[in-house]
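Chemist: The chain contents come next:
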Amino acid sequence: MDSRGAFLATCVTACTVLAVTGPVYAASALSVTVLSAAGTPVQDAIIIAEPQKGSPPPRTGLKDVMDQRNLMFVPGAMVVQTGTAVDFPNSDQVHHQVYSFSPAKTFQLALYAGKAHAPVVFDKPGLVTLGCNIHDSMLGYIYVTDSPWFGRTGADGTLQLRDLVPGEYTLRVWHALLDESGPELQAHLNLAEGATGVANFRLSRPLRPPSLNHGADKKWEDY
Amino acid sequence: MGRLLIGACAVAALLLAGAGNAYELDLSVDLRAVNSNATDSRLEGGLGKLRYDATDDGLRLGYLRVGYRVDLTQTLRLTAEAAAYGDHDVNPIDLNELYAEWRPIPSSDWRSRLKVGAFYPEISLENRMRGWRSPYTLSFSAINTWVGEELRTIGAEYSLELLGRSRGHAFDLTFNAAAFGWNDTAGTVLASRGWGLHDRQSSLFGRFANGGQPLSANTLFYDDLDKRAGYYVGATANYRGLLEARLLHYDNRAKLGPDNPTIGDDPWDTFFESLGLRWTPTTDWTLITQWLHGRTYDDIGLPTNAWSFNSEFLLASWKHGPMRYAARYDRFTSQQTASNFIQYIGFYLGDDGHAWTLAGERALSEHWTAVLEGIQVDSSVAQRVFTGELPYQRERQLQLAIRYDK
Chain A
1 MDSRGAFLAT CVTACTVLAV TGPVYAASAL SVTVLSAAGT PVQDAIIIAE
51 PQKGSPPPRT GLKDVMDQRN LMFVPGAMVV QTGTAVDFPN SDQVHHQVYS
101 FSPAKTFQLA LYAGKAHAPV VFDKPGLVTL GCNIHDSMLG YIYVTDSPWF
151 GRTGADGTLQ LRDLVPGEYT LRVWHALLDE SGPELQAHLN LAEGATGVAN
201 FRLSRPLRPP SLNHGADKKW EDY
Chain B
1 MGRLLIGACA VAALLLAGAG NAYELDLSVD LRAVNSNATD SRLEGGLGKL
51 RYDATDDGLR LGYLRVGYRV DLTQTLRLTA EAAAYGDHDV NPIDLNELYA
101 EWRPIPSSDW RSRLKVGAFY PEISLENRMR GWRSPYTLSF SAINTWVGEE
151 LRTIGAEYSL ELLGRSRGHA FDLTFNAAAF GWNDTAGTVL ASRGWGLHDR
201 QSSLFGRFAN GGQPLSANTL FYDDLDKRAG YYVGATANYR GLLEARLLHY
251 DNRAKLGPDN PTIGDDPWDT FFESLGLRWT PTTDWTLITQ WLHGRTYDDI
301 GLPTNAWSFN SEFLLASWKH GPMRYAARYD RFTSQQTASN FIQYIGFYLG
351 DDGHAWTLAG ERALSEHWTA VLEGIQVDSS VAQRVFTGEL PYQRERQLQL
401 AIRYDK
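If you read the sequences in order, they're chains A and B. One point on numbering: in the working numbering, the residue at position 68 of the first sequence is 68, and numbering is uninterrupted. One point on numbering: in the working numbering, the residue at position 89 of the second sequence is 89, and numbering is uninterrupted.
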């Protein structure tokens, strides 16, 4: 990080700490906003609130879906709780061969169309990068966390979390297009019972531009 | 005919082998209305730069192509690309590519791939549609026209890829190396006719420039005259899917020798370097540039016939709703540097020119596309004195294509 970035990151961290450690914080809800370096809302940022005294045991029967449509993973990035069974239906006309060699989950789904495979259980926390062995431009992400409190920011850059247990939390921000990994991406706060905590994150660098994808146009095939 | 039979057997074996496996079959038909003032087309034995000359005005078959891909196993895919161009090649429909690709599922961020068969080397950043077609213009750049005319890897290519982006890095890197045969005549069209700009690819079992031949016999592609393998090595770097750079060093290592009467040509020792860059700053804009520099030799007596060739192009494409617009500027030279005819004709052969290509494409529906392309080539070709033409010619060609892809 250059000196300007470091300066911004310091400011951002300071702002974040100010925002989340003041006397107004309390309670069982949380409002988190993520802004870009330019101050605009960041959509689809993944927010995780990790209780410092440990997460409650995961619920059973957790399920989610990572679809494949127009030669893209949909959604491109998702967050699930450890133990979640994720289904990988293929909604395209062509076959896919989904794989991951990430330490948090190594797996492969043999070439398939439709809904040919049993869901994959993500049993370790960490970031899992998905690929398709037939279509190299397909990249997807599953962020696996022990915490039951997480979500993605909306178009206004904000995520509302409810029903949190009061206590100390570490907040983490992740986005598939992040171009930074500094301290500005996490914050600590103490949630008192009956109040709504507020946290604001501001990135120090612009998000990377999204990778280009020709979608379902099967006429394209790079040589 | 024997070669076609081999091809037909290979396709039949491929289809049978693929029975019951996951496959993709796709079809494209491209029909064109053509207006041209160009001099006799290189595809009809002339020294014109374009596919269609002044005698070709009217409705033409751009191409009919059939692509077939079948996954024989989880990691082994066979690909066949066949095309017909309606221009009286020896086979009405012929194979352009036929190969097997082994692509193991990555277990780390390094992945190997192996291709065996007949296929294009990884050189073009412009030809990115199935069947090695360009999505930007009807006529390829001069560089990739030549690749389509004379190059095919008939052999094996090994690629090693670093899947950096799967690890959160900015780059994917690919290194490849190939050994091939059956490409000993590569260079002959370039030396005899100079550069061209069109989309007529040579076929694996066809002939090329199948008309009268002012300087060289019809070349039967592809054949091995010297039993000595050629090679290429290349690398591609992809920065976040936005910027791609591609480098290739190619050498067919042809052993110079006399004319082969069956082939109608002698071996041409051809080697070149190519560097390409493709930048897609937004989903709508694409900029491509490519540079190629090479040499070729043959040996019809002494001194050896030697040529140097260069070309580069810059292409810009803008997509707007159902429209895609493209503009390309090409420059090219081929220059004879040693000649066994010099004492008889008094000058070296070669060409020197540039071309502007403008194209507009409109997607009419999911399967139908219309493309309008205008191209103007200014070139000076020393060989034209043999055909009674002035060395300098300005050629123009307008094509309206209606394309169906399914």
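No lab work stands behind these hints: they were computed from the structure. Since the model is a prediction, treat every value here as computed from it, not as a measurement. Keep in mind that a hint or two might mislead.
Unchecked claim - One side only, chain B facing chain A, incomplete, derived with CB under 7 Å:
1) Asp87
2) Tyr120
3) Ser166
4) Gly241
5) Asp405
Claimed, not checked - BS3-like, lysine-lysine: derived pairs with alpha carbons at most 27 Å apart:
6) Lys219/A - Lys227/B
7) Lys124/A - Lys53/A
8) Lys319/B - Lys219/A
9) Lys115/A - Lys227/B
10) Lys255/B - Lys319/B
11) Lys124/A - Lys105/A
12) Lys219/A - Lys124/A
13) Lys115/A - Lys53/A
14) Lys227/B - Lys255/B
Where a beta carbon is used, it is the ideal one built from N, C-alpha and C, also for glycine.
Chemist: Tell me if Gly241/B is really an interface residue toward chain A, meaning its C-beta lies closer than 7 Å to one of theirs.
Modeler: This interface hint holds because 3 Å falls under the 7 Å limit.
Chemist: Does Lys255/B sit within 27 Å of Lys227/B, going by the straight-line distance between their CA atoms?
Modeler: 9 Å, holds
Chemist: If you draw a straight line from the CA of Lys124/A to the CA of Lys105/A, is it 27 Å or shorter?
Modeler: Holds: Lys124/A and Lys105/A sit about 7 Å apart, inside 27 Å.
Chemist: Would you check whether Asp87/B satisfies its interface hint, that is, whether its CB is within less than 7 Å of any CB in chain A?
Modeler: Asp87/B check fails; min Cβ-Cβ to chain A is 23 Å, beyond 7 Å.
Chemist: Given the proposed pairing of Lys115/A with Lys53/A, does the C-alpha separation stay at or below 27 Å?
Modeler: Outside the cut-off at roughly 39 Å; violated.
Chemist: Holds or violated: is the Cβ of Ser166/B closer than 7 Å to a Cβ in chain A?
Modeler: 5 Å, holds
Chemist: Should the hint that Tyr120/B touches chain A count as held when the rule is a Cβ pair under 7 Å?
Modeler: Status holds, d = 5 Å.
Chemist: Taking the closest Cβ pair, is Asp405/B under 7 Å from chain A?
Modeler: Hint holds; Asp405/B Cβ to chain A Cβ min 5 Å, cut 7 Å.
Chemist: Against the 27 Å threshold, does the CA-CA distance of Lys115/A and Lys227/B hold or violate the hint?
Modeler: 50 Å, violated
Chemist: Given the hinted pair Lys124/A and Lys53/A, is their alpha-carbon gap at most 27 Å?
Modeler: Given that 27 Å is the threshold and the Cα spacing comes to 19 Å, the pair holds.
Chemist: With the threshold set at 27 Å, check whether the alpha-carbon distance from Lys219/A to Lys124/A stays at or below it.
Modeler: 39 Å, violated
Chemist: Keeping to a limit of 27 Å between CA atoms, is the pair of Lys255/B and Lys319/B held or broken?
Modeler: Judged against 27 Å, a Cα distance of about 47 Å means the pair is violated.
The structure fails hints 1, 6, 9, 10, 12, 13 (numbered hints given earlier, in ascending order).
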